[in-house]
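The chain contents come next:
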Amino acid sequence: MKRIKCVLWLGIIISILISNLIIISASELTAEEIIKKRDDNEYFDLVRIEAEMTIVNGGRKIIKTMIALSDKKNSLVEFTNPQDRGTKFLKREDDLWMFFPDAEEIIKISGHMLNQGMMGSDFSYQDIMESDKLTDLYDFKIVGEEEIDGRVCYVLEGIAREGVKVSYYRRLSWIDQERFIGLKEELYAPSGKLLKVTTAIEIREFEGRWIPIESVMENKLRGNTYTGFKIIQIEFNPKIPEGTFSLQNLR
Amino acid sequence: MFIFKLGLKNLTRQKRRNILIIFVIAFAFFGYLMMDSLMNGMEEMSFDNIKNYDTGNIQIVNPAYWEDREDLPLENLINLNQEIIEIIQETEGVLGVSPELRFKANLNNGIDETAVIGLGISFEQYNQVFATKNYIVEGSMFTSGELKAVIGVSLADLMDLKVDDYITLLVRTKDDTFNTIDVEISGLVRAPNPMINNGIVFVPLELAQQALNVDNGVSLLALKTIPGEEDAIIKRLKSSFQNKNFNLKPYSWKESASSVIALSAAKKGGIGTVLLVVLLIGMLGIINNVILSALERTEEIGMMKALGMRGWEIVFVFMIEATGIGILGGLAGCLLGYIGVSWLVKYGFSIGYISGGDASGYGIPILDRIYGIWNYPSFTFLFILGIIIAVLSSILPSYWAAKKDPVKAIYHR
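Listed in order, the protein sequences are those of chains A and B. Under the numbering used here, the first sequence has 168 at position 168, and the numbering climbs by one with no breaks. Under the numbering used here, the second sequence has 82 at position 82, and the numbering climbs by one with no breaks.
To be clear, the hints were calculated from the coordinates, so they are not data collected in a lab. Even glycine gets a Cβ: it sits at the ideal position worked out from N, Cα and C. A few of these clues could be false.
[Claimed, not checked] Which bits of chain B does chain A cover? Going by a derived footprint, with three or more residues having C-beta under 8 Å, they are:
# : segment
1 : 160-174
2 : 180-192
3 : 338-350
Input sequences plus hints: build the corresponding full structure.
Spelled out as structure tokens, the structure:
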């Protein structure tokens with residue numbers, strides 16, 4: 001009888017341990033691992049995107065269309081809507097150039113110009129310049145769990161690493177626990193002021209990856225303004241001709 | 001003496017024509033004097049506005065900062081300490097020192113935003129150097145530690161802001177991170193230098209330093225000095241900095257205002273051209289007058305020559321007449337100039353038709369009116385030059401008249 005009791009207790013202890021282990025392994029993803037999983041979804045090595053940008057400012061609504069080619073370090077964006085047709089942006093590593101067909105001139109965007117909204121949108125040039133992986137720039141920690149549109153999310157707080165140059169000192173990210181996709185992100189200044197909020201509107205699966213097809217960025221310093229970004233078509237690992245990311249190709 | 005009297009008498013013979021030429025010369029002189037007064041006034045006002053509202057008499061900066069100063073970098077700043085301030089204050093001729101932190105910012109009113117220059121100042125020290133406080137038209141300046149700002153009236157109009165409104169300045173810290181400075185507008189300024197009114201936001205120095213994460217850094221130290229002694233003070237400061245091994249260099253306001261000075265040099269070229277036109281008008285008037293007089297008096301010249309008058313005496317008669325016209329034209333011109341310049345000095349010339357009275361778009365830091373200044377040497381110079389030109393331009397046509405054969409001259413009809 002004693003022996004049976006011992007075996008029973010042992011069984012109970014083992015089953016408790018095993019079940020705890022299962023729970024721990026599921027919930028004990030570190031903040032860095034969560035961000036990495038998100039990065040795996042949202043960052044592309046080689047991609048071609050056709051997209052639409054909707055800029056809403058007060059009662060005004062402007063739609064701009066574009067084609068973007070991107071590899072790990074470089075990007076080329078060409079606007080295709082009639083008003084901006086031929087306007088191109090080239091990002092090469094840490095430099096950004098712009099080409100206006102009317103002026104037929106290549107302009108390097110630097111210094112204070114990087115703070116301005118790209119083509120009048122709420123995305124600053126600096127926003128599109130940041131291509132480093134977030135885990136290299138921020139120290140993340142999990143600060144909570146919240147639901148967004150019925151989906152349970154990790155809430156992660158990232159604080160800029162000492163000595164690293166980043167545009168936003170603090171960011172709060174809501175990451176879908178199941179699909180590891182950012183559903184919402186808030187960007188803060190060191191003063192504590194909320195600067196921008198990005199919200200994913202529509203998420204779709206492409207070739208096994210979850211991608212935010214439509215998102216909205218709000219500049220919280222300005223009222224009545226937001227910029228929507230919608231991916232119309234996406235192609236992974238397209239053939240990008242040599243010299244695509246060159247200044248000569250910008251003209 | 002007879003020749004002299006004859007020359008003077010001739011001056012009164014063709015009254016209408018001579019008066020007309022005198023008036024032409026007078027108006028040409030008047031135009032020149034007005035332009036000279038206005039241009040010099042503009043130069044003086046521009047320089048004063050730069051010194052009194054922008055640069056001070058001398059700016060002390062890190063030499064590496066000076067190269068990139070137009071970009072308002074947050075690198076190569078001066079690490080401000082009491083020792084630096086004391087050394088500068090104790091330098092002979094220095095009347096005030098104002099530390100400034102200049103930075104780029106986007107001013108945000110909650111709806112729109114615009115690019116501005118932020119100026120972190122310590123108000124008490126700023127007042128020792130600059131006269132901006134005299135032009136606060138609404139509200140007041142902030143004091144140290146307050147979360148307040150002063151902006152120009154033009155900027156306030158543009159962004160639809162008034163005193164007690166809150167604004168946000170979006171800035172980039174030394175590490176390129178976006179940060180904000182949230183302040184309440186404590187005052188509106190309308191300084192004579194439009195650049196102050198159009199795009200500058202004054203905030204307390206400590207607040208700017210904290211937001212930009214530059215510790216005790218300042219972009220420059222602006223100095224007020226005894227006027228005209230800048231070069232001597234710069235020498236003294238250089239020697240002090242060298243002794244203390246400070247990596248600092250003083251620069252005269254002229255080096256900060258090189259574009260305005262270049263404009264001033266171009267202005268001198270413009271005045272020279274006007275002077276040339278004025279002299280040409282005088283010269284043509286005199287030549288024309290002498291030729292007409294000689295043609296009218298051909299018989300008279302022949303008669304005088306027949307009576308034994310020598311060629312140089314006839315030339316002299318015409319020269320006296322021309323000189324008289326030159327003197328009268330010059331006097332009338334100077335008198336008109338005196339009246340005109342008095343008006344310009346007192347009431348100024350309105351530039352309201354230029355972008356609402358703001359000439360800064362043309363590189364001239366002047367608002368509303370340009371006041372003339374008295375330039376007495378110009379009056380003397382123009383008067384004497386006018387007479388010399390009158391005399392010189394009368395020689396050739398007089399010589400032509402004097403060369404006439406007396407017989408042919410008498411019977412020239």
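Check your understanding: Mind checking, does the segment 160-174 of chain B have 3 or more residues with a CB under 8 Å from chain A?
Key -> holds (count 4)
Review point. Do at least three Cβ atoms from the segment 180-192 of chain B come closer than 8 Å to Cβ atoms of chain A?
Key: holds (count 3)
Point to revise | Outcome, coverage hint (the segment 338-350 of chain B, chain A; C-beta under 8 Å; three residues) | key: Result for this restraint: violated, n = 0.
Consistency with the previously given hints fails for number 3 only.
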